[in-house]
Amino acid sequence: MSSPTEFKIIIVGGGIAGLTLANMLERFGLDYVLLESHEAIAPQVGASIGLFPNGLRILDQIGIHDEIKDVFKGNIPYARTHSRNKAGKVVSTIGNMSEHLEKRHGYGLLFFDRQVLLQILYDNIQDKSKILTGQKFSAAELDDEGVTAVCTNGSTYRGTFLIGADGIHSKVRTVMRSWGNKYEPGVFDEKEEDEVPCYYKCSFGIAVDVPNWVGGEQHIVTGPERSQLVVSGPDNRVYWFLFEKLPEPRHGKDIPRYSKKDEEDFVNHNANLPITESITFGQVFACRLTSTLTPLHEVTYKKWFFRRFITFGDSAHKPNPIGGQGGNGAIESCAELINALLETKKNRSDTLSNLTTKEIEEVFAKMQNARYKRAKEIVALAHKMQVLNAYENPLLSTVLLEHLGPLAGPESVLCMMGSVLLGGTRIKTLPVPKRPRLIPYNDELLAAPIEENSVSWLVRGGQVASMAALILISARAFRLPFDEIAKWAAEEPIVIRWFGQTKASDFLNSPASVLAILVDHSPATRLQAVNFLFQLVSPLLIYTIEANRVGNKGTPLALDLLYSFGMQVQGIGRIGPLHAALQAVFTHERPTGRHVPVEIAKALIPAITLGYVIPTVMVFARTPNTVAWQHALALWQFAPPLVGLLTRGISSLLKSYQRGTGKSEEDEKDGLERYKNKDVPILNSVYTYAFAAQATVHIASMLYAWAHPELSIFKTFFQVPNPFKPDWNLPTVGAKLGVFFKYDMLLASAASFASGLYSIWDLRRLGYVETREALIAGASTIAGQFLVGPGAVWAGLWYWRENRLADLTTRCQ
Numbered sequence: 001m002s003s004p005t006e007f008k009i010i011i012v013g014g015g016i017a018g019l020t021l022a023n024m025l026e027r028f029g030l031d032y033v034l035l036e037s038h039e040a041i042a043p044q045v046g047a048s049i050g051l052f053p054n055g056l057r058i059l060d061q062i063g064i065h066d067e068i069k070d071v072f073k074g075n076i077p078y079a080r081t082h083s084r085n086k087a088g089k090v091v092s093t094i095g096n097m098s099e100h101l102e103k104r105h106g107y108g109l110l111f112f113d114r115q116v117l118l119q120i121l122y123d124n125i126q127d128k129s130k131i132l133t134g135q136k137f138s139a140a141e142l143d144d145e146g147v148t149a150v151c152t153n154g155s156t157y158r159g160t161f162l163i164g165a166d167g168i169h170s171k172v173r174t175v176m177r178s179w180g181n182k183y184e185p186g187v188f189d190e191k192e193e194d195e196v197p198c199y200y201k202c203s204f205g206i207a208v209d210v211p212n213w214v215g216g217e218q219h220i221v222t223g224p225e226r227s228q229l230v231v232s233g234p235d236n237r238v239y240w241f242l243f244e245k246l247p248e249p250r251h252g253k254d255i256p257r258y259s260k261k262d263e264e265d266f267v268n269h270n271a272n273l274p275i276t277e278s279i280t281f282g283q284v285f286a287c288r289l290t291s292t293l294t295p296l297h298e299v300t301y302k303k304w305f306f307r308r309f310i311t312f313g314d315s316a317h318k319p320n321p322i323g324g325q326g327g328n329g330a331i332e333s334c335a336e337l338i339n340a341l342l343e344t345k346k347n348r349s350d351t352l353s354n355l356t357t358k359e360i361e362e363v364f365a366k367m368q369n370a371r372y373k374r375a376k377e378i379v380a381l382a383h384k385m386q387v388l389n390a391y392e393n394p395l396l397s398t399v400l401l402e403h404l405g406p407l408a409g410p411e412s413v414l415c416m417m418g419s420v421l422l423g424g425t426r427i428k429t430l431p432v433p434k435r436p437r438l439i440p441y442n443d444e445l446l447a448a449p450i451e452e453n454s455v456s457w458l459v460r461g462g463q464v465a466s467m468a469a470l471i472l473i474s475a476r477a478f479r480l481p482f483d484e485i486a487k488w489a490a491e492e493p494i495v496i497r498w499f500g501q502t503k504a505s506d507f508l509n510s511p512a513s514v515l516a517i518l519v520d521h522s523p524a525t526r527l528q529a530v531n532f533l534f535q536l537v538s539p540l541l542i543y544t545i546e547a548n549r550v551g552n553k554g555t556p557l558a559l560d561l562l563y564s565f566g567m568q569v570q571g572i573g574r575i576g577p578l579h580a581a582l583q584a585v586f587t588h589e590r591p592t593g594r595h596v597p598v599e600i601a602k603a604l605i606p607a608i609t610l611g612y613v614i615p616t617v618m619v620f621a622r623t624p625n626t627v628a629w630q631h632a633l634a635l636w637q638f639a640p641p642l643v644g645l646l647t648r649g650i651s652s653l654l655k656s657y658q659r660g661t662g663k664s665e666e667d668e669k670d671g672l673e674r675y676k677n678k679d680v681p682i683l684n685s686v687y688t689y690a691f692a693a694q695a696t697v698h699i700a701s702m703l704y705a706w707a708h709p710e711l712s713i714f715k716t717f718f719q720v721p722n723p724f725k726p727d728w729n730l731p732t733v734g735a736k737l738g739v740f741f742k743y744d745m746l747l748a749s750a751a752s753f754a755s756g757l758y759s760i761w762d763l764r765r766l767g768y769v770e771t772r773e774a775l776i777a778g779a780s781t782i783a784g785q786f787l788v789g790p791g792a793v794w795a796g797l798w799y800w801r802e803n804r805l806a807d808l809t810t811r812c813q
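Heads up: the sequence shown at position 8 corresponds to 8 in UniProt numbering, and the numbers run straight through without jumps.
Keep in mind the hints are simulated off the structure, nothing from the lab.
Some clues are possibly wrong.
What the hints assert, rightly or not - Computed cross-link-like contacts, DSSO-like style, restricted to lysine-lysine with a CA-CA straight-line distance of at most 30 Å:
#1 K171 <-> K366
#2 K384 <-> K373
#3 K366 <-> K376
#4 K655 <-> K602
#5 K8 <-> K130
#6 K366 <-> K182
Construct the entire structure; sequences and hints are all you get.
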């Protein structure tokens, strides 16, 4: 038995949490004893374990990642991940899920027997005398100098503090709460244990040699009140989870325990439930090695410790297993306890001897503070996932799982997984082995991310509200004199008839008349129109680029043709704010979502040049040939949407050519080409082109207005009447159109300016740039509005943004 002054930890439970912590303690030379109730340290209890990158990164720090990966003998079996409906039909598929995760996060997805992981953890421990089996914890004695664990066989063990890593039915938690109620009544919520909810039961187990099973696949099967996760494993194994919603939620002591008879009834009831179109649950169950039917508790306890007791893993935070984070969360808790202990050790002259109860509670508080919010979020996210997969809200599940999900593609799923993984912790005093990855973990970023809190929501809400205000202003400011335009067209007829003597020709000629009036009007109106129309190069390019980013698939941002068509029908002064608001809500957040297909990137300059720049030049390069000029005016009406159409057409030709010449890469079929950043230099040239063209026109326009004796920069570009004044008393149709175009440009410029500032904030919020760089970018955005114009600023800002996102993917290579 240890003396009161010696430091020694008692770990109750030889599961993943207990053995992982034992490995960490041994690594740092901290004494412990582990008490396991089973006679074997790695019993076969029919469970599997899914290790995700956040857990594997920590296990890599303690030197067992490679041994875990060796279980698969070089063949990670996740060639295809299928989402299926209740009939077993494929709704969507992700190819090479594990490889995607490994490229993105440095580690893949490893699904195998829990027993195998326990054995690896045990084998990695050098001093196995500290691992005691057949020691079932039953009680504890607590005093000011330590704690004594008592086992059912009468054995006692003395330590500095006691850790309960003994699962959801934790005896340590019961004992700890008893001591808490004795010494500090009210320290634990008396109702908490009775309020632990259970919404689902789950059949899980391991099968082998399932007939017709396609190796290397995993299946997520959704349907009313039931969902399944069925995964391939090493050695021709199949791991299954069948979740079934309880008729009504159960709580605390009312949560049932299931017998073998209950399991038999459950299996008979669900035997014909499809997994694939050719395999049922009953067929998998018939090939079982082991199986269990269990209720699924879902809870994050409010307080994990009292004096010299602490719980973690399932005994403190228990999610639904559908998210695969139960074991990984336990590993994270081990790391945070080690971090807190080592920090205390460093602050106590490198010793943990004679720790007072107050000091121990400070260690425990640091550990819980570091883990509580994340653990609670993971429990909540797993519950939401289960609710979605089991169609508790049929309309929402149908829309998301059967329509929007497949439309969004693999990136949305991988990003949702990443949102859980990236916040994972590590052992701060151990190096993280170099594993190339494209997305840094939060603790590897240039700056600490700003949490989703009231401030970030206020900024996002402010952006959306300000864009709504611009749209409302446009409703008062856009006063097109349609009757006067029609009268002018009748007096100065447009002679071209693209669609013959039809109303379609009249409809086309009406907007063509608008440009004709502007070009023939005063020098100020004509100059403003030249400047304005060339500032549309950036919106057209950026709308097209954002629509084709893999991270924006399935969102409103993918509707670039709608925005370019809307520019002609409603004006960029309305479409610009609309797009900026949607950008704030829907834009991708991970650097991997940045990718634009290379063929699209290559098509952009030809498309914008042929579809917009040349038609715009033709509008203002009037010749004595009136018919030819009017054809140019009519053509310009199609110019904005023509950019998107040409981009699609040219990119399709490029892709067909590459396939025909055998240059199309194998990675394309599984979406792995997105990780190579081949589009970045091409996009850089696109932004440079847009910057140069728009800056040249802006500077030339400003110089011309400054040098012209009859023009004023302010009056030409910025002076507009009060939008809330009912009557502007403008003398001519040309003047009225000139005011409309000025408002159109000013509102669009305000939207692009706000969108630019918001994108800078967003990069800082995510931790992708440091505060100083964000401030410099913001100042440059403000100054650039006057120096080079809003279009050039937007192109330059997107050049910077593109490269910052791309640079992130090289930080951990």
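A quick look at each hint next to the structure:
no. : hint          : in the structure
1   : K171 <-> K366 : 23 Å, holds
2   : K384 <-> K373 : 16 Å, holds
3   : K366 <-> K376 : 16 Å, holds
4   : K655 <-> K602 : 11 Å, holds
5   : K8 <-> K130   : 11 Å, holds
6   : K366 <-> K182 : 24 Å, holds
In the structure shown, no violation is registered for any of the earlier numbered hints.
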